[in-house]
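K.L.:
What follows is each chain in one-letter form.
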Amino acid sequence: MKRLLRYLKPYTKECVLGPLFKLLEATFELFVPLVIASLIDRGIADADGGTIWKMGALLVGLALVGLVSAITAQYFAAKAATGFAASLKHAVFSHLGSLSFSARDALGTSTMVTRLTSDADQVQNGVNLTLRLFLRSPFIVFGAMVMAFVVDGRAAWIFVAAIPLLSLVVFGIMLRTMPLYKKAQAGLDGVTGTLRENLNGVRVIRAFRQEADETARFDAENDALTKLNEFVGRISAAMNPLTYVILNAALIVLLHTGAVRVNVGSLTQGEVVALVNYLMQILVELIKLANLIITMTRAFACADRIAQVLEIKPGMESGSARPTENAEPLVSLENVSMRYDGAGGDALSGITLSASRGETVGVIGPTGCGKSTLVQLIPRFYDATAGTVRIDGVDVKDYDLAALRRRIGIVPQKAQLFKGTIRDNLLWGDPDATDDRLWAALETAQAAEFVRTREGGLDAPVEQNGRNFSGGQRQRLTIARALVRKPDILILDDSASALDLATDAALRRALRETDGAPVVFIVSQRAASLLHADRILVLEDGRAAGLGTHEELLASCPLYREIYDSQFPKEATAV
Amino acid sequence: MKKKADSVRRETLKKVLRRIAKYRGLLLLSLLMAAAVVALTLYIPVLTGDAVDRIVGKGDVDFAALLGILVRIGVAAGLTAALQWGMSILNNRITYRTVRDLRADAFRKIESLPLSYLDAHTTGEVTSRIVSDVDQFADGLLIGFTQLFTGVITILGTLGFMLATNPIITLVVVVVTPASLFVASFIAKRTYEMFRLRSETRGKQTALIDEMIGGQNVVQAFGREQKTLETFDAVNEQLRKYSLRAIFFSSITNPSTRFVNSLVYAGVAISGALIAIGGGVTVGQLTMFLSYANQYTKPFNEISGVVTELQNALASAARVFDLLEQPSEPSDMPDAVTLTNVRGGVEIHDVSFSYRPEQRLIEQLNLSAQPGQRIAIVGPTGCGKTTIINLLMRFYDVTRGRIEVDGVPIDRATRQSLRAGYGMVLQETWLRSGTIRENIAMGRPDATDEEIVAAAKASHAHSFIKRLPQGYDTYIAEDGGSLSQGQKQLLCIARVMLCLPPMLILDEATSSIDTRTELKVQGAFAKLMEGRTSFVVAHRLSTIRTADCILVMRDGHIIEQGKHEELLQKGGFYAALYNSQYAGTAR
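As they're listed, the protein sequences go chains G and C. Heads up: the first sequence is residues 1 to 575, going by my numbering. Heads up: the second sequence is residues 1001 to 1587, going by my numbering.
It cannot be assumed that every hint is accurate.
[Claimed, not checked] Straight-line distance between alpha carbons at most 30 Å, and here's what the computed DSSO-like set of lysine-lysine pairs gives:
1. LYS9(G) - LYS1004(C)
2. LYS227(G) - LYS1014(C)
3. LYS1227(C) - LYS9(G)
4. LYS1004(C) - LYS1058(C)
5. LYS1204(C) - LYS419(G)
6. LYS1227(C) - LYS414(G)
7. LYS313(G) - LYS1204(C)
8. LYS288(G) - LYS9(G)
9. LYS1457(C) - LYS1527(C)
10. LYS1015(C) - LYS1004(C)
11. LYS1466(C) - LYS1527(C)
Keep in mind the hints are simulated off the structure, nothing from the lab. Only a predicted model underlies this, so the values are computations on that prediction, with no experimental measurement involved.
Whole structure, please, built from the sequences with the hints as guidance.
P.N.:
Dropping the structure here:
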């Protein structure tokens, strides 16, 4: 939480003025019983109509000043809270942008989204309420006590006794029920989970005739939740009655003490009424305070989670080397191993591979064998744990990160497009690209045809995540996006999987004909996509199981043979 | 239109009443207690006022009378507290048990609903009806109702006590009060627009965050961090502005109504004091008025809140009842046969089927599968291959014609026994949250450990299971957690392998699984199919070529039917499909 306070700093003025005006309002509220006392003792007792009108006008005046102070306070509190939340979100979003891939892997996408949305909202709400109430409520409670002392020192001791008792009940019950409510929420999550599971798996459940079992399972969870809810309900329902009893006990004692004091002439009737009024003010504020504390605890927890995100180190230092001479080989991996953070084993071990300009390298192997990991080392999305990755003979760790990545066009497995237009998306590759270049890239990516037929062409809208395009179209657009930058190194990470074989073949043909002779890395599950590569690396469990041309591997690498045979059954060739 | 909505609401209300009829006694008791609590709560200020009147001045204190009053305050307070607690417990019980009953009913409904309903409604939609709508319904209706009841009694009681004491001061209160309601509704109307703008912008921001965080890898690969941040900041600033306005305007409501309340208070103080001079009221009665005035607007504000709450609750209730009243799958015929020792002969006679009457789908389908034969269903994605599965398993009933198993029309057999005859492995694997063992034993909970391991071995799942941290006792979440797609599929096969039913429905995976696991899956499939009648949604050439019959589907229709060679010779759609998809790859 402390870490986050600096985002509140620009709003210091609001943070001071907000509570200050709130205190002002509270002060005026505290005067009301005194005004009533003098209304009774001087106005009624002396039958003085003038005083009554004066006091009445004073009440209205106090209310008016109170209203103005309160609205001013609310404004400052809202301004500080929303401003704080906005700066916080900016900080988190920008921090997430600077995190390395492995740092983000550890976080997970949904976590990051939650931190930026609901957690930030909770914190905003917490700041807002805290600024408004955190000083006000205790101030009224103690203010009422102080005022009681002003009215009558002896009677005020009843307040000194009642306040801790009331606090004990209010906060005690709150502390007791908070963890229970959390448990009840978990129970509800369980019920929801079973429900979702049954909806998603309805076919399997019916096929295996599990309806009765599932119902029993659900009933057990449902009943447990109900019991827990009733239990928590019983405890929290005790708060109002208990405080009510304490308050009225205090009232009885107060009235009796007051009577004795009035009888000897050290207190007036009006002052007794004032004391009763102060007593009533206390309870209302204590309950507000209890609710505020619940909100604050929640906000603190959220703030902590956000602070944790901000504390994550970006995890990768950029070097300073700039692109140099055209040294060959353009890309080389020397005895490279890589282990993901927290993983039990290496994702890659001892890989050596190099590629010169104009060459195509294929990478094939079962899922989880490290194909994607391998190509992600080249743009330095991850760092190798051992060995070196070099571009133009320079270790990628020494490279200026932005300059390095600018030379590489990568087409990730997941075809990710962004809201905007087709042009917007393509310009990600190179913001200065001309329309001619965009069209050329689309042609090569086999995407020109469907873009042309879309209404608006390059300006056709792309919805969130590109969901208004089919999987194959999305893939081709992401390929075009990578081509727009005229990369020295082009990486296709299993990015033709949604294309039919004919399009895939046309794409590969077009890629071979592109000028600039980039090094092309093609990761694929399909042997057909790699047949014409200059070199094919066969990976199994992170190790190289073979390296060579298609023909060489067919002869020498059993795993490659197995993969090939499963995709090109001999009987098919016979037809 | 409005009338119709009203009558729907009335209908819903009736159903609600029927629902809680079970708790009629408790509810009545709770209302009686609420009335008593309100009366007692209002009575205490009267007593306090009385007490104040016994404390007039020096030497003018009536201790004997005061003591009596104080005792009465004590008794009243104790009684109120006890009643209040009892009432809350009763209300909790009614609410939570209604929620429980509704959820239990809804769950049973889900287990018996026809697939057509579940296919047409998303999981999220149905879940939200059973989780949040039920909550809203119970909270809103029961608590809202109690609050409304209490509020009304409080207002009436307050008015009664006040009128009995002094009509003129009461008039002052009654005249000023509507101002409070007016102010509240005025602000609420203004605020609504702000809140709408805010939630719209917030939605925009969430969508942007979702997209950018999800695509962060691409953002970094293309060095777009700065640009993305700028886009984010623009929305962020917009949201800040709208939030500020929404929060500020809504937070004006409280001070404003408090201000109106203060005006009532001042009005009572002035008029009361003036009347008191003339002896119209005592000082004690004035304090009673003041303490009433202090809280008088509260029930009004609460009631206006409760009314919207009640409307929402009724809308929720309507959604819940809509689900509960959906017709279940027609139950088995009274004389339905329990299929036993199924041999696996499946006959399809003149079957027609469509999901929607206006869209014809399967027409006049005839097929005869002898026990042990293999039927391959082939076609491009989205051609309706799952429709056949739906009909065979009786997830849907045929529109015309009939399907027979071993000569028994399946609509004359019990669903349970029919489904027991089939083993089903779908491409979309589904595992229940639980241990691996529980998942494999789903179809035969009484299976021994040896049988489970044997089934796992037969389906090539054993080797990866035993490498898991807790082996067969490893707990997996609903989506299968860290298991790969192929591993999940192997588990689903093991599940069927354990039961070894006479008929199979298999859905071969498309290319996304990696090759080696796929080989295992295929091997497991082959083992499973030995000697069993199988319907296979096929992608593998070997499966198709060896099938006894191929159904070729396109756009939901079965357009060709026959053996591989026959269909090739025919030179139709199948031949074209075959040549482009399979033969073409093997240059």
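K.L.:
So, for every hint listed, does it hold in this structure?
P.N.:
Going down the list of hints, with the structure as the test:
no.	hint	in the structure
1	LYS9(G) - LYS1004(C)	violated, 56 Å
2	LYS227(G) - LYS1014(C)	holds, 28 Å
3	LYS1227(C) - LYS9(G)	holds, 26 Å
4	LYS1004(C) - LYS1058(C)	violated, 69 Å
5	LYS1204(C) - LYS419(G)	holds, 11 Å
6	LYS1227(C) - LYS414(G)	holds, 21 Å
7	LYS313(G) - LYS1204(C)	holds, 29 Å
8	LYS288(G) - LYS9(G)	holds, 27 Å
9	LYS1457(C) - LYS1527(C)	holds, 11 Å
10	LYS1015(C) - LYS1004(C)	holds, 17 Å
11	LYS1466(C) - LYS1527(C)	holds, 21 Å
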